[in-house]
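Chains A and B, in that order, are what the protein sequence lines are. Okay, so the first sequence: first residue is 1 according to our numbering, each after it adds one. Okay, so the second sequence: first residue is 1 according to our numbering, each after it adds one.
Don't take every hint at face value.
Covered stretches of chain B (in silico footprint by chain A; criterion: 3 or more residues with CB under 8 Å from a CB of chain A, positions within the stretch not fixed) [unchecked claim]:
#1 40 to 48
#2 56 to 68
#3 226 to 235
#4 265 to 273
#5 293 to 299
Distance condition first, Cα-Cα at most 30 Å in a straight line; then the derived DSBU-like pairs of lysine-lysine [what the hints assert, rightly or not]:
#6 B:Lys-161 x A:Lys-421
#7 A:Lys-31 x A:Lys-62
#8 A:Lys-421 x A:Lys-382
#9 B:Lys-31 x B:Lys-67
#10 B:Lys-360 x A:Lys-4
#11 A:Lys-437 x B:Lys-360
#12 B:Lys-161 x B:Lys-261
#13 B:Lys-318 x A:Lys-437
#14 A:Lys-4 x A:Lys-261
#15 A:Lys-430 x B:Lys-360
No wet-lab data here; the hints were simulated from the structure. This one's a predicted model, so the numbers in the text were calculated from it and none came from an experiment. Note that beta-carbon positions come from the ideal geometry of N, C-alpha and C, so glycine has one too.
Protein chains: 2
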Amino acid sequence: MALKLNDHYLQKFIRPQEYTNIQPAITAAHKQLVTRSGAGNDYLGWVDLPENYDKEEFARIKIAADKIRKSCDVLIVIGIGGSYLGARAVIEFMNGQLYNQVNGDAPDIYYAGRDISAASMNELLRICEGKDVCINVISKSGTTTEPAVAFRVFRALLEDKYGKDGARERIFVTTDRARGTLKSFSDEAGYETFVVPDDVGGRYSVLTAVGLLPIAVADIDIDALMRGANDARLAFSDDNIENNDCYRYAAIRNILYRKGKVTEILVGYETYAQMFNEWWKQLYGESEGKDSKGIFPASVIFSTDLHSLGQFIQDGTKNQFETVISVESSEDHFTIPNDPNNIDGLNFLSGMELDAVKNKAMLGTLLAHEDGGVPNIVLELKDRSAYSLGYMIYFFELACAISGYVLGVNPFDQPGVEAYKKNMFALLGKPGYEDQKAALEARL
Amino acid sequence: MALKLNDHYLQKFIRPQEYTNIQPAITAAHKQLVTRSGAGNDYLGWVDLPENYDKEEFARIKIAADKIRKSCDVLIVIGIGGSYLGARAVIEFMNGQLYNQVNGDAPDIYYAGRDISAASMNELLRICEGKDVCINVISKSGTTTEPAVAFRVFRALLEDKYGKDGARERIFVTTDRARGTLKSFSDEAGYETFVVPDDVGGRYSVLTAVGLLPIAVADIDIDALMRGANDARLAFSDDNIENNDCYRYAAIRNILYRKGKVTEILVGYETYAQMFNEWWKQLYGESEGKDSKGIFPASVIFSTDLHSLGQFIQDGTKNQFETVISVESSEDHFTIPNDPNNIDGLNFLSGMELDAVKNKAMLGTLLAHEDGGVPNIVLELKDRSAYSLGYMIYFFELACAISGYVLGVNPFDQPGVEAYKKNMFALLGKPGYEDQKAALEARL
Numbered sequence: 001m002a003l004k005l006n007d008h009y010l011q012k013f014i015r016p017q018e019y020t021n022i023q024p025a026i027t028a029a030h031k032q033l034v035t036r037s038g039a040g041n042d043y044l045g046w047v048d049l050p051e052n053y054d055k056e057e058f059a060r061i062k063i064a065a066d067k068i069r070k071s072c073d074v075l076i077v078i079g080i081g082g083s084y085l086g087a088r089a090v091i092e093f094m095n096g097q098l099y100n101q102v103n104g105d106a107p108d109i110y111y112a113g114r115d116i117s118a119a120s121m122n123e124l125l126r127i128c129e130g131k132d133v134c135i136n137v138i139s140k141s142g143t144t145t146e147p148a149v150a151f152r153v154f155r156a157l158l159e160d161k162y163g164k165d166g167a168r169e170r171i172f173v174t175t176d177r178a179r180g181t182l183k184s185f186s187d188e189a190g191y192e193t194f195v196v197p198d199d200v201g202g203r204y205s206v207l208t209a210v211g212l213l214p215i216a217v218a219d220i221d222i223d224a225l226m227r228g229a230n231d232a233r234l235a236f237s238d239d240n241i242e243n244n245d246c247y248r249y250a251a252i253r254n255i256l257y258r259k260g261k262v263t264e265i266l267v268g269y270e271t272y273a274q275m276f277n278e279w280w281k282q283l284y285g286e287s288e289g290k291d292s293k294g295i296f297p298a299s300v301i302f303s304t305d306l307h308s309l310g311q312f313i314q315d316g317t318k319n320q321f322e323t324v325i326s327v328e329s330s331e332d333h334f335t336i337p338n339d340p341n342n343i344d345g346l347n348f349l350s351g352m353e354l355d356a357v358k359n360k361a362m363l364g365t366l367l368a369h370e371d372g373g374v375p376n377i378v379l380e381l382k383d384r385s386a387y388s389l390g391y392m393i394y395f396f397e398l399a400c401a402i403s404g405y406v407l408g409v410n411p412f413d414q415p416g417v418e419a420y421k422k423n424m425f426a427l428l429g430k431p432g433y434e435d436q437k438a439a440l441e442a443r444l
Numbered sequence: 001m002a003l004k005l006n007d008h009y010l011q012k013f014i015r016p017q018e019y020t021n022i023q024p025a026i027t028a029a030h031k032q033l034v035t036r037s038g039a040g041n042d043y044l045g046w047v048d049l050p051e052n053y054d055k056e057e058f059a060r061i062k063i064a065a066d067k068i069r070k071s072c073d074v075l076i077v078i079g080i081g082g083s084y085l086g087a088r089a090v091i092e093f094m095n096g097q098l099y100n101q102v103n104g105d106a107p108d109i110y111y112a113g114r115d116i117s118a119a120s121m122n123e124l125l126r127i128c129e130g131k132d133v134c135i136n137v138i139s140k141s142g143t144t145t146e147p148a149v150a151f152r153v154f155r156a157l158l159e160d161k162y163g164k165d166g167a168r169e170r171i172f173v174t175t176d177r178a179r180g181t182l183k184s185f186s187d188e189a190g191y192e193t194f195v196v197p198d199d200v201g202g203r204y205s206v207l208t209a210v211g212l213l214p215i216a217v218a219d220i221d222i223d224a225l226m227r228g229a230n231d232a233r234l235a236f237s238d239d240n241i242e243n244n245d246c247y248r249y250a251a252i253r254n255i256l257y258r259k260g261k262v263t264e265i266l267v268g269y270e271t272y273a274q275m276f277n278e279w280w281k282q283l284y285g286e287s288e289g290k291d292s293k294g295i296f297p298a299s300v301i302f303s304t305d306l307h308s309l310g311q312f313i314q315d316g317t318k319n320q321f322e323t324v325i326s327v328e329s330s331e332d333h334f335t336i337p338n339d340p341n342n343i344d345g346l347n348f349l350s351g352m353e354l355d356a357v358k359n360k361a362m363l364g365t366l367l368a369h370e371d372g373g374v375p376n377i378v379l380e381l382k383d384r385s386a387y388s389l390g391y392m393i394y395f396f397e398l399a400c401a402i403s404g405y406v407l408g409v410n411p412f413d414q415p416g417v418e419a420y421k422k423n424m425f426a427l428l429g430k431p432g433y434e435d436q437k438a439a440l441e442a443r444l
């Protein structure tokens with residue numbers, strides 16, 4: 001078990017019968033999922049993916065990653081939402097937030113096409129000056145505004161620098177298997193392409209080529225990542241929440257939501273987990289936030305944010321619960337040095353491992369927040385390995401599906417994401433949106 | 001006016017009489033503040049700071065910053081919570097999130113002492129390898145665990161590399177004016193020191209030496225920053241919310257909170273604003289989150305997060321409101337190139353400024369979220385200048401004080417931050433905490 005749920009710090013907030021009482025809803029959700037009879041059942045490709053993934057493409061991903069590693073200083077990953085968050089989450093979790101500053105000769109990895117900003121675009125172009133560059137554009141349709149604009153810019157940059165033939169060797173496209181203009185254009189241009197499967201939504205796509213190519217470029221063991229995910233798939237197959245920590249997490253979230261805990265804070269104790277928390281926020285927010293329902297997903301990194309949001313969590317409005325990811329063992333070691341002057345009065349810590357102190361900070365915080373009336377779910381992650389991370393990714397994906405079904409929503413659609421796009425296109429005068437333009441402008 | 005409040009997208013959610021009805025509470029809060037009769041009145045040093053700041057120290061800050069810029073490749077800023085968030089917020093807002101990658105010969109700036117992590121510590125030490133390093137340690141007491149441990153480590157690094165005499169020229173200490181072991185040790189060792197004023201709390205300290213020294217090292221115009229803050233101080237002195245956008249913001253927050261909007265999402269449209277949002281989260285969360293009250297502060301960067309949390313905001317639980325920072329004019333320019341193939345179907349955007357498209361995305365989102373039942377406060381910031389940023393900083397500081405008084409809390413204390421520290425020290429076996437240790441361990 002690479003991940004275990006510890007419910008010790010929930011005992012004051014959830015009575016034993018509450019678990020019994022929610023079991024039938026969990027069992028029903030489990031049946032919806034395994035019989036593929038629930039809402040959104042066209043998007044269940046992620047369920048068996050860790051076993052059934054395309055082995056031929058997987059091998060090509062490794063070869064492409066190797067080629068990228070050998071041929072560039074900078075890889076620009078172009079994608080928005082689920083098209084970059086999963087990769088970035090895994091890369092930073094495994095290699096650190098400052099990976100680009102400590103990776104030696106390996107390619108730096110930057111993210112483009114995730115905003116609409118001259119400042120961002122110019123910053124990335126400056127970073128590419130004088131560097132050898134490859135790009136991986138990730139877009140199912142190829143028409144999403146942010147990545148499409150970035151692809152225009154960086155494709156032109158490569159063609160100017162290397163010519164069309166040279167650019168061809170540096171452009172890697174992850175898109176629809178067969179349809180869409182990006183796919184047909186890539187085939188014509190001779191770009192190597194990888195597949196965004198039809199039955200896997202963006203927020204569930206990290207273990208497809210969407211996530212795996214950039215992750216492999218960062219020299220992370222993608223075999224171990226998939227193996228971890230597959231072991232989680234096998235481990236969390238029983239619908240009984242006494243035996244299934246993944247379903248138990250889904251149950252606890254719904255129990256707490258129904259008693260007014262409307263915000264969940266995912267807590268990490270390592271800066272390297274920050275983008276993982278962002279991935280989680282998309283997964284849960286986009287899956288459950290619909291039909292005027294859902295737990296608002298927030299995140300913090302402690303002890304950093306104990307000195308910013310800590311006061312609120314301890315003493316503020318009591319509408320939250322925390323889910324704490326505790327990395328149980330670490331290969332990162334640092335011993336606190338002694339100070340003969342002891343100017344900080346901390347010599348009682350001299351010679352201790354920093355991560356041992358972190359562990360006491362975590363336990364102290366759990367007790368403090370329990371005293372403050374905040375329920376805490378603790379997820380004990382075995383270590384900071386690709387295997388364990390893959391295991392945790394699958395844990396959260398599966399729990400999200402079950403949790404969404406228990407909430408009574410379709411966990412796999414995102415109809416609300418279109419609302420701003422439609423308005424934006426109308427205001428921009430996109431052909432076909434003429435009728436809405438005047439009506440919207442009158443409301444500004 | 002470098003910042004104006006636009007309440008157009010609130011009209012469906014707040015009726016005119018609600019403003020009238022909350023005015024007396026605003027006036028009362030205003031009186032508490034100006035007569036210094038409210039809770040926490042020992043911590044009002046920030047109010048007149050933009051005019052009354054220590055001019056001699058301000059000049060020394062510039063000289064020290066210049067010395068740091070000339071003598072190192074890397075500045076390590078050591079501090080936690082308000083001791084680093086303000087500086088980092090300003091540096092990234094003005095210079096971009098990837099400043100270290102595009103700043104040429106200027107010193108890179110990294111942040112230490114803000115977590116308890118071997119991974120973080122080792123990463124920073126690797127970054128310092130072979131580089132010339134200066135440090136600015138920021139701690140009022142000198143005894144806060146995270147920065148104290150980092151100061152031990154980086155002081156030793158400098159002394160090993162440059163000797164005690166060389167290290168002395170590279171260590172800059174921002175601490176208490178007179179008390180505390182860090183102050184007396186620094187005086188003995190001959191470090192240059194700057195002051196954390198007694199009457200300015202950490203989250204209000206960005207315009208003191210706490211923030212200004214690192215900000216000046218990043219070559220940001222700190223005179224303009226202070227001038228902007230001072231002009232905001234003068235602009236927002238009328239207690240009538242019809243004439244005072246700052247107080248109007250405080251009023252709106254309380255109006256919405258009382259009708260069940262328990263989460264405020266600060267929305268930026270530029271990645272460079274991300275750490276500013278974090279600074280804001282501390283300011284509001286720590287000031288208001290007490291006595292089981294307060295609006296939970298969250299943040300997003302659009303359009304990035306429209307593809308993660310956008311679904312939730314549009315369609316999910318209706319307990320939130322948004323505060324959108326719109327940077328009205330920009331010196332950042334980028335023109336969308338034409339694509340003869342038009343593979344993305346976006347040629348209707350060819351030749352447009354990227355930031356003009358961003359503006360339409362923002363307007364489209366405001367209308368979409370209004371339709372989704374989410375109140376939106378729009379703060380129109382004139383531009384991305386140090387002057388305007390200083391203005392906005394003061395706007396938020398003052399509004400926070402008024403908002404906290406209207407909520408009925410002491411906006412200037414943070415009693416809850418001690419809870420985890422006490423537990424941590426007891427679990428670590430700190431002398432003096434022996435009694436609590438066994439009781440806490442029994443609860444684990």
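Evaluation of the provided hints:
Coverage of the region 40 to 48 of chain B by chain A is violated. Counting CB-CB distances below 8 Å, 0 residues qualify, and the rule asks for three or more. For the region 56 to 68 of chain B, the stated coverage by chain A is not satisfied: 0 residues place a CB nearer than 8 Å to a CB of that chain, which falls below the threshold of 3. Only residues whose C-beta sits within less than 8 Å of a C-beta in chain A count toward coverage, and the region 226 to 235 of chain B has 0 of them, not enough to reach three; the restraint is violated. Proximity of the region 265 to 273 of chain B to chain A, defined as three or more residues with a beta carbon under 8 Å from a beta carbon of that chain, is established by the 4 residues found.
For the region 293 to 299 of chain B, the assignment as covered by chain A holds, since 6 residues bring a beta-carbon within under 8 Å of that chain's beta-carbons and 3 suffice. For the suggested pair Lys-161 of chain B and Lys-421 of chain A, the alpha carbons sit about 55 Å apart, so the restraint of at most 30 Å is broken. Restraint check: the Cα-Cα separation between Lys-31 of chain A and Lys-62 of chain A comes to about 36 Å, which exceeds 30 Å; the hinted pair is violated. With a CA separation close to 41 Å, the supplied pair Lys-421 of chain A and Lys-382 of chain A exceeds the 30 Å bound.
For the hint linking Lys-31 of chain B to Lys-67 of chain B, the alpha-carbon distance of about 44 Å lies beyond 30 Å, and the restraint is violated. Taken as a hint, the Lys-360 of chain B and Lys-4 of chain A pair is broken in the structure, with Cα atoms around 46 Å apart against an allowance of 30 Å. Straight-line distance between C-alpha atoms of Lys-437 of chain A and Lys-360 of chain B comes to about 11 Å, which keeps the hinted pair within the 30 Å bound. Simply put, Lys-161 of chain B and Lys-261 of chain B have alpha-carbon atoms about 54 Å apart, too far for the 30 Å limit, and the pair is violated.
Only pairs whose Cα atoms come within 30 Å are accepted, and Lys-318 of chain B paired with Lys-437 of chain A is accepted, the gap being roughly 27 Å. Only pairs whose Cα atoms come within 30 Å are accepted, and Lys-4 of chain A paired with Lys-261 of chain A is accepted, the gap being roughly 23 Å. Simply put, Lys-430 of chain A and Lys-360 of chain B have alpha-carbon atoms about 12 Å apart, close enough for the 30 Å limit, and the pair holds.
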